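J.: Taken in order, these protein sequences are the chains called A and B. Counting in the working numbering, the first sequence tops out at residue 147, every number present. Counting in the working numbering, the second sequence tops out at residue 499, every number present.
One thing to keep in mind: the hints can contain errors.
[What the hints assert, rightly or not] Restraint ranges, calculated between C-beta atoms of paired labels, are given here:
| id | chain 1 | residue 1 | chain 2 | residue 2 | range |
| --- | --- | --- | --- | --- | --- |
| 1 | A | T67 | B | L255 | 37 to 43 Å |
| 2 | A | R117 | B | T131 | 32 to 38 Å |
| 3 | B | G204 | A | L82 | 44 to 50 Å |
| 4 | B | Y246 | A | L52 | 51 to 57 Å |
| 5 | A | F93 | B | S104 | 46 to 52 Å |
| 6 | B | L425 | A | R57 | 22 to 28 Å |
| 7 | B | L186 | A | L52 | 27 to 33 Å |
[Unchecked claim] List time: in silico DSS-like cross-link candidates among lysine-lysine, alpha-carbon distance up to 30 Å:
| id | chain 1 | residue 1 | chain 2 | residue 2 |
| --- | --- | --- | --- | --- |
| 8 | B | K166 | A | K2 |
| 9 | B | K488 | A | K118 |
| 10 | B | K462 | A | K32 |
| 11 | A | K119 | B | K226 |
| 12 | B | K488 | A | K2 |
| 13 | B | K252 | B | K226 |
| 14 | A | K4 | B | K59 |
| 15 | A | K58 | B | K252 |
| 16 | B | K252 | A | K4 |
| 17 | B | K462 | A | K79 |
| 18 | B | K248 | A | K140 |
These aren't lab readings, by the way, just hints derived from the structure by calculation. All values derive from a computational prediction rather than experimental measurement. For each residue, glycine too, the CB sits at the ideal point set by N, CA and C.
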Amino acid sequence: MKDKITAVVFMLLALFFLIGAFFMPFTTEYGKYGAPGIVPIVFSTIVILLNLVMFLRKREKKVPSQTDQDRQRISAENKRLLISVIICLGYVFLLGHLNFIILTSIFVATLSLIFYRKKPVLIIVVSVLVTYGIYYIFEKLFLLPLP
Amino acid sequence: MNVLSSYFGYIVDIITDPLLLFNMAWATLLGILVGVLPGLTATLGVAILTTLTFGFPAKTAIAMLIGVYIGAIYGGSRTAIVLNIPGTPANAATTVDGFPIARSGHAGFALNVATMMSGLGSIIGALFIVTLAPLLGKLALQFGSWEFAVLAIFGTIIAGSLTAPKDPLKGWIAGFLGLMISQIGLDEITSYPRYTFGNIQLYGGIALLPVLVGVYGIPEILMSLKRTTKAEVALDFSKGKKELSYRKTIGKNWLNIIRSGVVGVFIGVIPGVGEDVASWVSYDLAKRSSKEPEKFGNGSIEGLSAAETANNACVAGAIIPVLTLAVPGSAPAAVLLAALWIHGVRAGPLLPIEHPEMIGNVAAMFTIATLLMVIFGLIITRLFLKILLVPTEILMPIIFVLCVVGTYVLNGRMFDVWIMLLFGLLGYFMRLNDFPAAPFVLGFILGPMADTNMRRALMLAKGDLLPFITRPVSLVLLIAMVLVMISKYIPRKRGAKNE
């Protein structure tokens, strides 16, 4: 079932590319064989065909039965994943709006402390030092501006 | 012969340049560190260092990137042996015998054997760079648009077949998705903006580095952060060196070492197929030809030697097509290719003409980085293992910051960071559904080459497709491609009937 859903998602993406390719000019100063849409048409068609094969094939995959322990672990993992994604996205959203050293120190310390609830002082110190280290290497040593 | 003699000259050049040697040393050390830390791949290490080497001269930057690449592939063996977790995917086969040896009290011996074998593998690889690259370069000069177009698709399909052996269809889908997505941006022949929707940021296409960091780095960070289980550590150095002899190990394994080295190099040459495949294939060959196959999986020194020799030899193999065809042999080699472009070195068939010194120079850098790797490996291995005590929960947020910063400094725009996150999401989705990342990335890299050459071939032949099958190299590649695709399904069907 997972494969069929994936196949549909990829087919829709390829269909988008295929339709887009048909809106491109068919004749150019290099003649009709220089048309920019030719190769995208070929590749998106192949993606659609390959995904169609994946959608139509019959594959019986043995799904191992889940114990209560498994379900609890998966639920805990999903929760951790969701928290990580939200905090990481929040960090990127705020980049450029807040001072890099302050924001990054808070980000590293927060994400670490949420999952590793030991030695908070050490984690905060490490977060600030690592952030300053990154800032120094990129901004001062290699003269590469940070957001 | 010319390249071989200049190779030794370049080695002397590097040794007598203290600044270059120093930069190579810390880059190799950084590579070992990247390899030691589970979750950080050689690809990510090379990508992050690429952003740090913008300001360096091209020669220094390339030497450092080679150092980090070799170091990372080797460093992964440390974690594989003491933690039973491959530090990089290249060391997966190392865990099978490395961990049992370590658990039996010979951790020090296993670590040192892996160091020696990695060193020998790299030296075999360096010799192949010197001898094979010029030959491949001459062959590449005969290639026309037809051959390059077929080669791009051939590479993507082979990478798909080998990185998804259980379900090659997913490997091919990943590869063609990469080829398709690479078409975004101005096309190289008519400069028509494809799929840009008026967004100026997309006119230049999607940069390789955000895609690589996204597809490889973000899924690894998310997987590590969500994991709730902890690994067993086998840091048991209780038994000394007396019980096992290094000299006997090499003496008994010389054929295995040479075979694994050669296999590693040739697998490396195949586009997109990386060190992980090389070490598994060599491991399998070593088991088949061993007098003690029953020891494999329970602490076989032959098995450990085969895996570690092959994955480091593969690094050299992966660099050979980068230099001669501008086609990367593995994912980290793909970043190396991007770094070469960034530093003004146009890899490909014209490289021996535009930069005649480059092949010998790269082989020399490779040799020096190997020596540094062996020295560091033998001296400070145990110190490095203390890094494993750093919890993933602390490490991964820092790695995320490095991914974001490394992507941002590429062009100094947040757009690349968002692209990196978007591809990170795609990479995570692909990994959850067992789609390999390597063919996707290779397809993304080879897409522009496929596009330009396919249309150029059509224009030259006025739309005639016959040259694709009348030109010998193109025909051989097409036949090989079809055979690879068919061979993946014929045994499967027979097996299914038997069941």
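J.: A range of 51 to 57 Å was offered for this pair. Does it hold for the Cβ distance of Y246(B) and L52(A)?
T.: With Cβ atoms ~56 Å apart, the hint holds.
J.: Do the beta carbons of F93(A) and S104(B) sit within 46 to 52 Å of each other?
T.: holds, 51 Å
J.: Taking only the CA atoms, is the gap from K488(B) to K2(A) under or equal to 30 Å?
T.: holds, 22 Å
J.: Are the Cα positions of K248(B) and K140(A) separated by 30 Å at most?
T.: violated, 51 Å
J.: Does K4(A) lie within 30 Å of K252(B) when you go C-alpha to C-alpha?
T.: violated, 51 Å
J.: With the threshold set at 30 Å, check whether the alpha-carbon distance from K4(A) to K59(B) stays at or below it.
T.: violated, 49 Å
J.: Straight-line Cα separation of K462(B) and K32(A) no greater than 30 Å?
T.: holds, 9 Å
J.: Has the given pair, K488(B) with K118(A), been kept, meaning a C-alpha gap of at most 30 Å?
T.: violated, 50 Å
J.: Has the given pair, K58(A) with K252(B), been kept, meaning a C-alpha gap of at most 30 Å?
T.: It is violated: about 49 Å lies between the C-alpha atoms, which goes past 30 Å.
J.: Verify the proposed pairing of K252(B) with K226(B), using a straight-line Cα cut of 30 Å.
T.: Not satisfied, since the Cα-Cα distance of roughly 44 Å exceeds 30 Å.
J.: Determine whether the Cβ-Cβ distance between R117(A) and T131(B) falls within the hinted range of 32 to 38 Å.
T.: Since R117(A) and T131(B) have Cβ atoms about 56 Å apart, the given range 32 to 38 Å is violated.
J.: Within a Cα-Cα threshold of 30 Å, do K119(A) and K226(B) meet the stated pairing?
T.: Given that 30 Å is the threshold and the Cα spacing comes to 20 Å, the pair holds.
Checked against the numbered hints listed earlier, the structure breaks hints 1, 2, 3, 9, 13, 14, 15, 16, 17 and 18; every other hint is satisfied.
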